[in-house]
Structures are given as C-alpha cells and as structure tokens.
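**Q** Start from the sequences, fold in the hints, and give me the full structure.
Take the sequence shown: its position 222, counted from the start at 1, is 222 in UniProt numbering, and no numbers get skipped.
Treat the hints as calculated values from the structure; they're not laboratory data. Misleading hints may appear alongside valid ones.
Cross-link-like lysine-lysine pairs, in silico, BS3-like; alpha carbons within 30 angstroms at most [claimed, not checked]:
{"no.": "1", "residue 1": "Lys301", "residue 2": "Lys251"}
{"no.": "2", "residue 1": "Lys270", "residue 2": "Lys251"}
{"no.": "3", "residue 1": "Lys248", "residue 2": "Lys230"}
{"no.": "4", "residue 1": "Lys270", "residue 2": "Lys193"}
{"no.": "5", "residue 1": "Lys248", "residue 2": "Lys182"}
{"no.": "6", "residue 1": "Lys230", "residue 2": "Lys251"}
{"no.": "7", "residue 1": "Lys248", "residue 2": "Lys193"}
{"no.": "8", "residue 1": "Lys248", "residue 2": "Lys270"}
{"no.": "9", "residue 1": "Lys301", "residue 2": "Lys270"}
{"no.": "10", "residue 1": "Lys182", "residue 2": "Lys301"}
{"no.": "11", "residue 1": "Lys182", "residue 2": "Lys230"}
{"no.": "12", "residue 1": "Lys251", "residue 2": "Lys273"}
{"no.": "13", "residue 1": "Lys302", "residue 2": "Lys270"}
{"no.": "14", "residue 1": "Lys273", "residue 2": "Lys193"}
{"no.": "15", "residue 1": "Lys182", "residue 2": "Lys251"}
{"no.": "16", "residue 1": "Lys248", "residue 2": "Lys273"}
{"no.": "17", "residue 1": "Lys273", "residue 2": "Lys302"}
{"no.": "18", "residue 1": "Lys182", "residue 2": "Lys273"}
{"no.": "19", "residue 1": "Lys273", "residue 2": "Lys301"}
{"no.": "20", "residue 1": "Lys248", "residue 2": "Lys301"}
{"no.": "21", "residue 1": "Lys230", "residue 2": "Lys193"}
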Amino acid sequence: MSRHQNLNHVYPNVDRNQPMFSRHLTAFGSHWLPPTQAPLGGWRNVQFPSYPCRPGVPPSPQLSHPTRHLSGAFQPQDTHNTNWTRLQSKQHLPPGFPFHGFPHRHFHLGLMERSDKEPPYKRRRSSEERAPGDRSKGSPKREYAPRQARSATTSPNYWFKDGKPPPPPPGTSPPRQALELKRQWEDFSHCYKSRPQSGGGRQEPPFEFSVMSYNILSQDLLHDNNYLYKHCSSSILNWNHRLSNILKELKEHNADIMCLQEVQEDHYEKQIKPSLEALGYQCEYKRRTGRKPDGCAVVYKKDRFSLLSSHPVEYFRRGIPLLDRDNVGLVLLLRPTGSSRPEDCVCVANTHLLYNPRRGDIKLAQLAMLLAEISTVSRLPDGSSCPIVLCGDFNSVPWSPLYSFVRESRLEYDGIPIGKVSGQEENPRGQRILTVPIWPLSLGVTQQCQYATAPTDVDRGITNLSVQDFAAQPMAAMNRPSIEHGLRLTSAYSHYLTEDSRPEITTCHSRTAITVDYIFYSAGTGDISTQPEGRLPRQGLQLLARLALVGQTDLEAVNGLPNEHNSSDHLPILACFRLCP
1 MSRHQNLNHV YPNVDRNQPM FSRHLTAFGS HWLPPTQAPL GGWRNVQFPS YPCRPGVPPS
61 PQLSHPTRHL SGAFQPQDTH NTNWTRLQSK QHLPPGFPFH GFPHRHFHLG LMERSDKEPP
121 YKRRRSSEER APGDRSKGSP KREYAPRQAR SATTSPNYWF KDGKPPPPPP GTSPPRQALE
181 LKRQWEDFSH CYKSRPQSGG GRQEPPFEFS VMSYNILSQD LLHDNNYLYK HCSSSILNWN
241 HRLSNILKEL KEHNADIMCL QEVQEDHYEK QIKPSLEALG YQCEYKRRTG RKPDGCAVVY
301 KKDRFSLLSS HPVEYFRRGI PLLDRDNVGL VLLLRPTGSS RPEDCVCVAN THLLYNPRRG
361 DIKLAQLAML LAEISTVSRL PDGSSCPIVL CGDFNSVPWS PLYSFVRESR LEYDGIPIGK
421 VSGQEENPRG QRILTVPIWP LSLGVTQQCQ YATAPTDVDR GITNLSVQDF AAQPMAAMNR
481 PSIEHGLRLT SAYSHYLTED SRPEITTCHS RTAITVDYIF YSAGTGDIST QPEGRLPRQG
541 LQLLARLALV GQTDLEAVNG LPNEHNSSDH LPILACFRLC P
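**A** The following block contains the structure:
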C-alpha cells in the first residue's frame, strides 16, 4: 500500500485552494464513455489509424504528451561529471519520445497540510504492540468535524463527527446516492493478425488468460493511518462493508490470476481464502516477516493453471542494515491446464515494496532480490526464460529511476539521491547519494540481479556468504555505479489516459492521487509494445486488453478512495494476455 504524503508535487491547472473531494459531480466529463451492459463497463477498441506504436512504449494512441506532465523532478543539487545527467537525457527514453524530464504525478489536495511540513509516515504497528485485529492498544481514533455546515444534497460519503450525515431538513429531498466509478475495457486484439493454418490440420488455439493486481488495504493499517481517510464516514471504513465490496469486485472481474497486496492474515485465513476457494481459486500466501499482520497473495483458477512451484521471498536479512524491513514477495511457476509441452509455463510474481520515499536504496535492493528469484524460477533448461508477469505495489511513480530500471533493464545510478529513486517526493529532506555498490556482497545478489550461487534453502535465499563466493564475478563490476537485469519487461499500461493524456491514477486518498501499481510482462513476438531491435524471447506474451484507469476528476466525482462502492484506496488493474507459441 502506498502512503504518498508528499505535499510539494502539484499538477498545473489544479486549484490548490479547493478541497479535493468537495462535492459529487452530476455527470462525468465528456471524455468518459457511456457504460454498457457488461459488468465492468463494456469494451471499446483502441484504434491506431495514424499513431503507430512507439518501440518499447506501452500501447497508447498518443505519440506525445503535454509538457505539463513532464518536468525536471529529479534534478539533484550537484550533477557535474556524473552519469545522473545521462539518465535524464533523451537517449535513455524510447525513440520518438519527447523528453522534458520526469513527470510529477502528485496532486496538491485541499486536505493537505502546509507544503513545508514533513509528511508523516504510515505507521505499521507490529503485533508486539497489539494482536492483529485488536485496536484496543492503538492510538485513539481521531474524530473530525466538518469544516462547515453542508446542505442536504451533500454526498453522505464525508466524515461527520458521529459518523453519519445529518438528516435532511423538513421538506427537502434526501441525499443523493453516491455515484459509482465506471471503467471501460480497452481492446487491442484487433492489432494482431490471425495465425495461418499449417498443414491443413487442426491447430490448437493459443492460450489466453487475465491477470489482476490489487492492493486491498489492510484494515489494521487503515486504522493506524485514519488521517488519510478524513473524507470517509465510519460506515465506509467498516471492515464488513469493505469485505463485501472487495469480494464483489474480485468475483465480478473474474481474473484467472490475482495478485493481492496488503492482505491481512487473519482476514485471509477466515474470510478471503475460503471465499476465493469457493469460486474455484487455489491460494498462495506470504505474510510479511517479523510480526506484521499483512502480506501478499497470489491466487489462480484451478481449472486454468496447475502449480509447479511456489517461492516466497523475504527481503529482511539479518546482519545487513540495508535490509532490515519486513516487505516480501511471492513467485509462482504455473502451467496452463491441458498444455502438451513441458516448457509451457508462466512465471507470476507479486510484491509490495517499501513505502518510505526517502529510502530508494532499500527499494532497489528489495527489487534486485525479487528479480534474482524470478530469473531463477523462470529459467528453462535451454537457458532461456518462460513468460513473466510481474505485479504489485512498487511505491514508485512512472518514469522514476526505479520504474525505468524495470522497463529498461539497466540503471546508471551515479549521482542519484536515494530520496529521488521512486519519484514520490520532489524535494525530500536529505540528498544522500546512492552508494556503490548499493547492496553489500554478503547479500548474494550480483549487480546483474542474479544469485551469486545456487540457493539451497526452501526460500531460495542466501545468507552468511563471504566475499569468496563472488570469485567468478570481477570486482570491477561491483564498483561500477550501474545495475541491470536480463528480463525484458514492459508495462501493460501507458500511464496516460487514451482520451486526453491525463495521468492515470491507481491510488488515491486524502493527501495524494498517483500511480504506483503495475503489471509488467515479458512481451513476445508481435506484441504491440515490442522493441523491433534485439533478441526476442522464444516465448512471450501479447497484450490483448486492459481495464482502463481513470483520472483525478473522475475520482473526485465519486469522492475519492475509499468510497461507497470502492473499498480500497487503490484501484484494481487488469490485463488480458495471449501466450505466444
């Protein structure tokens, strides 16, 4: 779960004096397509009549983006004679991409405090202080009175002192029912040519499947951070109400694979897992280390996939100060049901990286550990990799150094301040530069995000390694300010709305609205975002469709997140893929 409380990032043309969720709108903007009878708002084809896809760029008919979305958000104080300036240069972006720096994706909201105040961190209280689900020892719940009296037509989804809106005056109409957010499917299947029939025989149809990534918001973390949900009434935040909405969403989306974050363990065991198993899902779960109450889950339909192996990844490493946090990941190797070839499999990874916007060094180390595990699990006997789907809450904004590292497979980090790795804050306190190397040799992960030696324990982790274990790796490589990985990954989303190029939003609460959730995948031959140059994987995925995201004004219309119908401060993201033969 992302807790972006940066108060300095702003978008142009946003009135800072207006509260973010001031009042329900009577209608969506003209860019919004009317819903159909489909449960998820219907489908629409995304045409490319005169907008050929840029190599390596996620599908979007926009060839360029307004300058107001791109600004120099990551310029350090001293960039002389460093590779930091090269990172910002045009040569590191896809061909044809108009470079104006990295984008700000933070909104200045009416409920924010002064911009010169340090944003409070999300409190992740451990079970040593209180057991999961027990809030008796937690900090007292704040109560917020409305800033001013509101009319009877005001949406009930506001924070009132007694948790309920006042009754309407005599002779007036009751409050209007909260609007429901409508999202459309974007269909790209028409971009692919039909496979020719060979030999006149019956050809096996390609395997197609859908993937969801969704941070469902742990109830314990919600209560520990209720200042983020001032716009919500107590009934909106009630767990029974939230659980009903979340399970309804999961059932309606009906994804073949679901990667969930912030899944509270007691709720998972008693409510979420039984409900999903009743729908035909097999569930795998990894709780955060220490005494943290939540974790990551990967669930898949048993009639679509069979489990080959499951690999939990713990980012905590005793004796390594850099890796003293309790975040985790989970990597599964799945085989499509009915596959006749042993090499047909899909590697699915799910993670929730550290939130702290000022510790980009920890985030990169956690990501390197996950990529090393994915590289090992996805490796085929011939040395190639099977198709990969990487989902999660990365607590990093699009085009930030961490995001670029995933997409471009390489990061030159000379001179990058650790507070600007994720792009969550424009001017973080402290400008300590990333060290070389970022993580110590004892972690057992090379600068190419590979395990230095074969993992031996059940969690495939490596501990207590010595420098001799790196004898095969030149020491010069460890002293270069660069890291890389061998996975060719791209994003299923373009991060700009198709209709008007406004920034897409995946998470929103009282303080910010940005993108931090992603579905990355290994593009196969013919995928609409595949780079034409370079060696293509033998097998890969083609993006067929995605559930469109929304912009800030669309969320304002439904009073932000959570609301009456959407019970997390994140939106689920979904994509449909075809497994290339």
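**Q** So, for every hint listed, does it hold in this structure?
**A** Status of each hint after checking the structure:
Distance hint between lysine 301 and lysine 251 is fulfilled; the C-alpha atoms sit about 12 angstroms from each other, no more than 30 angstroms. Between lysine 270 and lysine 251, the direct Cα distance comes to roughly 18 angstroms. Compliance with the 30 angstroms bound is thereby established for this hinted pair. For the suggested pair lysine 248 and lysine 230, the alpha carbons sit about 25 angstroms apart, so the restraint of at most 30 angstroms is met. At roughly 46 angstroms between alpha-carbon atoms, lysine 270 and lysine 193 are farther apart than 30 angstroms, so this suggested pair is violated.
Between lysine 248 and lysine 182 the CA atoms are separated by roughly 15 angstroms; this keeps the pair inside 30 angstroms, and the hint holds. Among the hinted pairs, lysine 230 with lysine 251 is consistent with the structure: their alpha-carbon atoms are about 29 angstroms apart, no more than 30 angstroms. Taken as a hint, the lysine 248 and lysine 193 pair is broken in the structure, with Cα atoms around 36 angstroms apart against an allowance of 30 angstroms. Taking the CA atoms of lysine 248 and lysine 270, the gap is near 17 angstroms; set against the 30 angstroms cutoff, the hint holds.
A threshold of 30 angstroms between alpha carbons decides the hint, and for lysine 301 with lysine 270 the separation of about 20 angstroms falls inside it, so the pair holds. Distance restraint check for lysine 182 and lysine 301: the Cα-Cα separation of roughly 26 angstroms lies within the 30 angstroms cut-off, and the hinted pair is therefore satisfied. Note on lysine 182 and lysine 230: the hinted pairing holds, with a Cα-Cα distance of about 24 angstroms set against a maximum of 30 angstroms. Taking the CA atoms of lysine 251 and lysine 273, the gap is near 13 angstroms; set against the 30 angstroms cutoff, the hint holds.
Of the pairs offered as hints, the one joining lysine 302 and lysine 270 holds, with about 20 angstroms between alpha carbons and a cut-off of 30 angstroms not exceeded. The suggested pairing of lysine 273 with lysine 193 is violated, with an alpha-carbon distance near 40 angstroms, which exceeds 30 angstroms. Restraint check for lysine 182 and lysine 251: the C-alpha separation of about 16 angstroms stays at or below 30 angstroms, so the hint holds. Among the hinted pairs, lysine 248 with lysine 273 is consistent with the structure: their alpha-carbon atoms are about 14 angstroms apart, no more than 30 angstroms.
At roughly 14 angstroms between alpha-carbon atoms, lysine 273 and lysine 302 fall within 30 angstroms of each other, so this suggested pair holds. Restraint check for lysine 182 and lysine 273: satisfied, since their Cα atoms lie roughly 27 angstroms apart, inside the 30 angstroms limit. Pair hint lysine 273 plus lysine 301 holds up; C-alpha atoms about 13 angstroms apart against a cutoff of 30 angstroms. Simply put, lysine 248 and lysine 301 have alpha-carbon atoms about 17 angstroms apart, close enough for the 30 angstroms limit, and the pair holds.
The suggested pairing of lysine 230 with lysine 193 is violated, with an alpha-carbon distance near 50 angstroms, which exceeds 30 angstroms.
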